[in-house]
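Chemist: Read top to bottom, the protein sequences are chains A and B.
For the first sequence, my numbering begins at 738 and goes up steadily by one.
For the second sequence, my numbering begins at 530 and goes up steadily by one.
No lab work stands behind these hints, which were simulated from the structure alone.
Errors might be hidden in some of the hints.
[Said to hold, decoys possible] Here are the simulated DSBU-like cross-link-like pairs (lysine-lysine), alpha carbons at most 35 Å apart as the crow flies:
#, chain 1, residue 1, chain 2, residue 2
1, A, 967, B, 807
2, A, 967, A, 931
3, B, 559, A, 1149
4, B, 579, B, 686
5, A, 967, A, 1101
6, B, 821, A, 1149
7, A, 1021, A, 967
8, B, 559, B, 821
9, A, 1149, B, 807
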Amino acid sequence: MTYLHKSLLSLLLLGLCISGQASDIVVRGDVIYTAVGEPIDDGVVVVRNGKIVAVGPAGDVSIPNGLKVVNAAVVTPGLIDAHTVVGMVGYLSQDGDQDQLERSAAIQPELRAIDAYNAREPLIEWLRTFGVTTIHSGHGPGEIISGQTLIAKTTGDTVEEAEINPVAMVAATLGEGAVMSGDGARNSPGTRGKVAAMLRTELLNAQNYAAKISAAEGNSDKEPPTRDLKLEMLARVISGDLPLLVTAHRHNDIMTALRIAREFDIRIVLDGAAEAYLLLDEIKAAGVPVILHPAMARAGGERENMSFTTAEQLINAGIPTAFQSGYEAYVPKTRLVLFEAAVTLAHGLTAEQALAAITIDAAKILGIDNRVGSIEVGKDGDLALYDGDPFEYTSHALGTIIDGVQVSDTVK
Amino acid sequence: MKRPNAFLLSILIGTSSVVGAEPTAFVGAKIIPVAAAPIDNGVLLVEDGKIVSVGASVRVPGNASVVDVAGMVIMPGLVDTHSHIGEPAGGDRSSPIQPEARVLDSINVRDAGFKRALAGGITTVNLMSGSGHLMSGQTIYVKLREGNSIETIAYKKDDGSVDGGMKMANGTNSRRDPPFPGTRAKSASLVRQEYIAAQEYVARIERADGDPEKMPERDLAMEALAEVLSGERIVHHHTHRHDDILTVLRLQQEFGFRVVLHHVSEAHRVADEIAAAKVPVSLIMIDSPGGKLEAQYLDFESAPALERAGVNVGFHTDDYITDSRFFMRMAALGVRAGMSRDTALRGLTLAGAEMLDLDDRIGTLERGKDADFVILSGDPLSVYSRVQQTWVEGVKRFDINDPEDRAVAEGGFGALQPSYVHEFHGYEEGH
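Make the full structure from the sequences, and use the hints.
Modeler: Dropping the structure here:
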């Protein structure tokens, strides 16, 4: 249901019932972690019309009569998975529903995530059950530019109902992930140098394309260029409208990403970044955020040098950092950012830092912190309920609330 | 150990050239013996690679070294019943059934996987070939002691031969183009035909009654299967879907082999049938269902469901599917789903030892068993706990305070490169 629809619905219902709407709810927590500021003991969150209208200690918040009330030991903001391909891939890995990667060409930014995203994919419910309310999904790593990404809530029956940003980023890959083996139909790009050259060439084309459009604006003598879906999209990267999400694991590939970002003065977000701990100063100086590989990702291939301490090193260096579930071709078909963040707690991260990396900091990196990522008045009523420390292996997710609607009451 | 730690060094310098020959008392930790209730502020006394005593009030001999481990938790070394560290390789693509192939002949003892396993508190592993065959070869049970060859780290049977099981699989992974089977029924019929051949081979040997003239010619595949039929070699069977699980039980009933079910995604659907067959289960807890058809209904619920049904339940890493450094997490996820704490901890240790027929030597902290144990910073089921030390036969094999060991535990640049320095001769052969 879109927010507009919900608003209309609530207007219709206003005269009909004096008590709560479907998108009204009160959540009481023995402790509420808002992701901004100190935890609130014995706290209350009031959600009306899908938005948070009050949060604070139980004694300070007046609870409207007649609203559904749920209780939990621990309440956090709805969790954000900063990069996944859930919804783009069928969870049984069958041919024909693995839509995260189109192998016909190396550079296809025109591929829209909204044209592939399956809002009814079972793993979306799986994520939701554990408290994940927002995901950044879309085309995965594996080609120089594989396509677009989107941001969606983990609810809704169609992509139109689910999405909160239909075009979030343009997904790019550097390093071995973009290099073709030559075994298949294509054998280019075959080297790192060629990958970078092809990406730079296309960004240059987009620069020229954008320049021609600008020149034609307000100048009847000049014809604008023919519409080109690929260059239109890259022109939005060139203008700074959209960030390039660059998957790069090895230190040399991360440096290539920073080099190209500087050359074209574009916004990038580093993705994966297994060796980012070698380049803390460089990444920080470039002002680039990192969506870090899952902590429990397999330590092989380009991730052979990954470390469980990378999150701690990035965050304590002041680099904006978020966790992701990543892309899995086999089992598990998806990971859970809750679990990935959890295992870093034995490796230097505080619980508050880990929570921020799957809530407010992820929201900032994704540009959606005006709506989600923390429990603050005015934000979407997205909450996750637990019976204890959310990060502890033996705790349970109790329920999930999205836009004020309890969308899960499965204990998991 | 590349860098002898101060404690062991003092023993070496002090009195003996045989590491661990002097008694050592670990004092002050909470001890989880698995064989008995946990002991707060307990003492673990170790000598000559074996456990001498465990308890709240153990007499510490005057010549013993005393190690203060107050605030720590000690539990038995973990037993991973299903791992692919060390690059184990069995059968090739030539046929679906290759019982003659031994992973013994493939293991790379310098593989960094062994170090990762120790960092996760694992001290015994069953190294197996893959699930892409109905029968991919002979597995090997390995003790994670220092060793320069697979023979020095393999468990040995009484006759000196290496100890191990037989890897089998059904379901989807072993289905492919001929000569591999294309259906489940074909898979079962190929296996049955092979076991019938083995039964006849055994019968010919019995009929020969020691007469060399009447003995069948030696056949490596049949010899291995004869060990399976006699119960000497345990089948470790990859299986996921409920009907595939029942197919394993049906074949087990027909041929009488001993079997451990591995992975068993849908165990929660046939827990009673598994219990009735008195067959143990080694579970893997995967972070989401799916990834392939046969794991569609994978559910953490299998752990408590099997416990309720009375099945002997253990866990495995299937490393590289899950990393050995996170093995304890399996048990914790079992508890999350409703399994009891005791059964979960047993599942990491004694249950696995039983599934490998090694429970007379390992799996608990008891007098006379191998001194294989893990020292943890806290509760084994907590995400905040870390392995501090891993000891194998009274020798410290992992120490979080050793920079190289710590790098293995955490990762980092070059941390998981294969080991190139591997010289150690402090053991007698033949463990």
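Chemist: Within a Cα-Cα threshold of 35 Å, do residue 967 of chain A and residue 807 of chain B meet the stated pairing?
Modeler: violated (62 Å)
Chemist: Checking one constraint from the list: CA of residue 967 of chain A to CA of residue 1101 of chain A, max 35 Å. Satisfied?
Modeler: holds (27 Å)
Chemist: Mind checking the alpha carbons of residue 559 of chain B and residue 1149 of chain A for me, to see if they're no more than 35 Å apart?
Modeler: holds (30 Å)
Chemist: Given the hint that residue 967 of chain A pairs with residue 931 of chain A, test it: the Cα-Cα distance must not exceed 35 Å.
Modeler: Roughly 20 Å between the alpha carbons, so the hint for residue 967 of chain A and residue 931 of chain A holds.
Chemist: For the pair supplied as a hint, residue 559 of chain B and residue 821 of chain B, confirm whether the alpha-carbon distance does not exceed 35 Å.
Modeler: The given pair, whose Cα atoms are some 42 Å apart, is violated under the 35 Å limit.
Chemist: Tell me if the straight-line CA distance from residue 1149 of chain A to residue 807 of chain B falls inside 35 Å.
Modeler: The given pair, whose Cα atoms are some 29 Å apart, holds under the 35 Å limit.
Chemist: Verify the proposed pairing of residue 821 of chain B with residue 1149 of chain A, using a straight-line Cα cut of 35 Å.
Modeler: holds (22 Å)
Chemist: Are the Cα positions of residue 579 of chain B and residue 686 of chain B separated by 35 Å at most?
Modeler: holds (18 Å)
Chemist: Given the hint that residue 1021 of chain A pairs with residue 967 of chain A, test it: the Cα-Cα distance must not exceed 35 Å.
Modeler: holds (31 Å)
Consistency with the previously given hints fails for numbers 1, 8, ordered from lowest to highest.
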